[in-house]
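Chains as they are written, first to last, in this note's numbering: chain A, 186 to 672; chain B, 4 to 629; chain C, 22 to 124.
FYI, nobody ran anything at the bench for these hints, they're computed from the structure.
Short derived list, chain B residues pointing at chain A, Cβ under 7 Å: (1) Phe72; (2) Ser74; (3) Val145; (4) Glu148; (5) Phe162; (6) Asn168; (7) Phe175; (8) Leu183; (9) Ile190; (10) Ala573; (11) Lys576; (12) Asp579; (13) Val587.
Predicted model, so just to flag it, every value in this text is computed and none were measured. Note that the Cβ used here is the ideal one computed from N, Cα and C, for glycine as well.
So you can see what is in the structure, the chains are spelled out below.
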Amino acid sequence: MLVGLLIFVPLIASLLVLFTKGKASRTAALGLSIIELVIAAVVFFQFKHNPDNAALTLNYSWIESMGIHFSVSINALSLLMVLLTAFLTPLIILSSFNTEYENPHSFYSLILFMQMALVGVFTTNDGFLFYIFWELALIPIYFICLLWGGENRGRITFKFFVYTLFGSLFMLIGLVYLYNHTGIDTGIKSWAVNDLYVAGKSLSLNQQSFVFWAIFLAFAVKMPVFPLHTWQPDTYVNAPTQGTMLLSGIMLKMGTFGAIKWLLPITPLALERWGYLVIALSIIGIIYASCIAIVQKDYKRLIAYSSIAHVGLISAGIFTANQQGIQGSLVQMLAHGVNVVGLFLIADILMRHTGTRELNKLGGIRNMNGNFAVLFLIIMMGAVALPLTNGFIGEFLLINSVFQYHAIAGAFAGLTIILGAVYMLRSYQAIMLGERHDSAVAFGSLASSDKWALYIICATVIVLGVYPKPISDLAEEGAKLIIMNLK
Amino acid sequence: MIQLVALVPLFPLIGFLINGFFGKKISKSLAGLIATLAVAASFVVSLLIFFELEHAEVKSHVVTIFSWFNSDTLKIPFEFVVDPLSSWFLLIITGIGSLIHLYSTGYMHDDEGFARFFTYLNLFVFFMLLLVLGNNYLIMFVGWEGVGLCSYLLIGFWFKNTEYNNAAKKAFIMNRIGDLGFLLGIILIFITFGSISYNQVFPIASGANGTTVTAIALLLFIGAMGKSAQLPLYTWLPDAMAGPTPVSALIHAATMVTAGIYMIVRSNIFYSMSEIASEFVAVIGVITALFAAVIGLFQNDIKKVLAYSTVSQLGLMFLGLGVGAYSSSVFHVTTHAFFKALLFLGAGSVIHAMGGEQDMRKMGGLSKHLKITYATMAIATLAISGFPGLSGFFSKDEILAHTYEHSPVLWFVGQVASMLTAFYMFRLLFLTFFGSFRGTHEQEHHLHESPSSMTIPLIVLAVLSLVGGVLGLPEFWGMTNWMHHHLDVLILHKNPSTMPHDTEWMLMGIAVASALATIYVAYVIYRQKHIVPLPEGEKMPTLQRIIYHKFYVDEIYDALVRKPLDAMSAAFKFIDTKFIDAVVNGVGDAVNGGSGLVRKLQTGHIGFYIFAMVIGIISILFFVFN
Amino acid sequence: MLNGIPINYYIMLSAILFIIGVVGVMARRNAIIIFMCIELMLNAVNLLLVSFSTLHNDASGQVFVFFIMAVAAAEVAVGLAILSMVYRHLKTVDIDLLNRLKN
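Given these sequences and hints, build the entire structure.
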């Protein structure tokens, strides 16, 4: 039942928020999202206490004749992602407190609706339901970007929508194809994930390759993997900050999570055959996006490219399909979610306080606000994966996994720690250090909501870096589940 | 006490937290006191641990703090190891660290970022202690990167200055290049041995494949190249002198830059097993020693001279490691920590007196005004130059003797490098403290000896530089080399010296003679002839100009690395928008355009539709019935 | 053989009627004539159905004919109503001018 609450609380919350007005909307949204966080925490402890707890699964037959079930459950994998979603949503809402949006009730309602869809994607065990939640998540973010985005939002949002939808349709084809191959022994067709695993494994290499690429396309667009990434920087820059946070913090994890749960165990043969290509693309993406980040002038765009680089490493790790790779990617997904939200919040704060995000129009903010400089530094260190910050363990495991796959590939993937330092330190220096730039003159102290959001993020960066055990254990267990299914 | 080893890094951590959170609210003297006491407390604990270990039967203790993270067979506990090597480094770090903290309370007294400075400094000590205490490579890596972060923060301490910020950034990025090698080395160790804990890896290391061990050793050494400023990753260290002088003394001379040496001594089994790797280490070391010494000859910035001297001395230590003289290198690390810290602190005292001036061409005759500084720096200069009886003499001689046994060619190059060291160090001493004052009148008026908080560390370090040699007296004198015996348990492949005693005497004689001769040459040039380096912009002979400009290495790197990287980035950016995104948009436009074409079929003429329909029906019938 | 007339003649007549209808539909622009041509085609089919029905002595063919006639009547009723509305608004029933749906 608990798991049902996880999905329905945000849904009800999103409806409730619709009836609020003005500033009450954001307070209500924050409160409701904190309730969800509490439920997630309860689920976490229940799971720790007894992973087979009946409250953690829910399974109703929905369309009997087609074998579709409303089936959701919590295991180590989904729990991690649910924690991420439940943790980030209140932060994202909190970060919006200093921006006045028109029609706030629909804005916050959409955010909560999105949370519902995301939790659904992460918890469901039914292929059909997965597809429904997957597309359901696209709807609110489309409207958030379209209605509250920056200039040029129409064209950019349209491109984003069509691009991702295009990818998703191939996934649908792949899933339907799998569905048609279920129940060879029993004659009963089913969408259940385990049946899809069995169906996938029964296919020949060529059939698996077809399914692999079809499903991969959807995930690759979402992540995004080079060269399917071009929708991303524009969308991130144009979306309202909260939209960007949702996209980069949680939504792109749908892609990586999907690849782990809905791709690797389905097509092990094709993975063996084609994995190298995906890893190669991912590593090209790391270097390519890092290099572009180095020459970016707009800070938000810089973070967008840095995100492509980070996700490149995650996807390279996933497709090595070894324990370190999958565990590392899970840990890194959480870390990246937190860090990237922090970085986008910083970009938003810069924009609000100085009116610009152009690196050459910023400078010397440290002179005005030392605390902000420290908070920024901590988040940045998380992003460049300094040990004892949350970014390190994931990155270590990921480079480890790629190195195990192929030593040279590991070395190239490792370049991320150098290039990451280059673009992060460059931008930090341009924004914070040096003599005070004119734009920084009015940079006073931070609003308390920003401050608290940054404090929470920084605390998470350090706590998860120093004591990652709870998360890393979950990730270890989740990775083992997948590895077990690969055989 | 050994079980409480966690206290050693804990004290600086607490100091860091107090100063970090409340530094602005408490007074400067309190902030300085807390920071200094934190490190001093660590020193006391380290001493207790050291003596306890000396008398203990078991020489290696592992203390588990908590389990950091696991990944299947990869288990990473947060564990500390207490053994002769780490306990010795604890003493160096906390001992020199507390002296430098004390010194900084005087040196930084007028700086507005006083509390911030001590926050960083305590954090540095914390990470440095993690580095040497860790019982597995990943904890070492934590410290390794952590000290890099602190180095970054402290080099760019005066963050308004763009040049300093660039130096800080350069240090961090160059270190990261090395760190990547180090990280890959760690991963390879895990893949090969299934663990990265020292006490699990080293016992089984000898069973590993030779090529793999060479690869591990070389990858780890790349890390050392970055951290310990060896060719080709050394250029950040001279730039790092942008930081406050106590930082240069603590981080960029005494402790952090010796992390590479610590790491190789710790992993000595890999280097002993791999001829290629150890040869490589020795060659890189000796080339660096010579190269940096040559550059040091013509530098005019007092801190730059010391920086190149540090690079050169580190090169010498790596030479020692490469020829298998691990304990000699640790010995040299120790004596070098004494006299190089002293030199930097002395230079700091000079800079303090000169009101921030670092150019030796504007100094001279300071011995009259800064008596203690002069006396202590003179001792340090004698020590680094290898003057008989002082600490540097013994440690350097030991390394060179081992080198000779290994390869006379390397020995010769190393000997030349140490002669050059003697030369430029005396050049520094003469230019700074002798002759007449060359600065402005105002500066001359301002000259004063530093406060006692600064001179006490100088005196302590001077004493240590004088007598530090007792730690490693030569065995062919019939003495006991304490350092050698102390570290003996850790050296897994031993190669005892088989050199005849008269060869050792000969080498020592050559070393002494060449040092004295070089000092005399420096004396003639800078003391008798009063030659002062040319002011900026004067035309120099070609060779001197090239050396003065540090062989243009920075410019070469700029042309070879930075510019291509920038160009590549710009090219990628171009490809991204003009090619990849253009293809995506092109597909969209093509669909749009195609639809436009197809739309034209919908003419709106009913007659045409009917015609199309009839044609359609006929063709369907045709195909069906044919 | 139906009353001495070979079945082929019926088929030929139907085919000719049908082709006249098709050509009329395709060539003419007046909507009313097009309608008449459609009726012509329907009746050509009806004729064929009736002939074969008689040939095989099977009444079901004639049942179809009644159906077709009923449908055709309904179609004409609706079609002519639309056309008369179109005429009232546009004063023409020329199909080439009825291209409002374009664009």
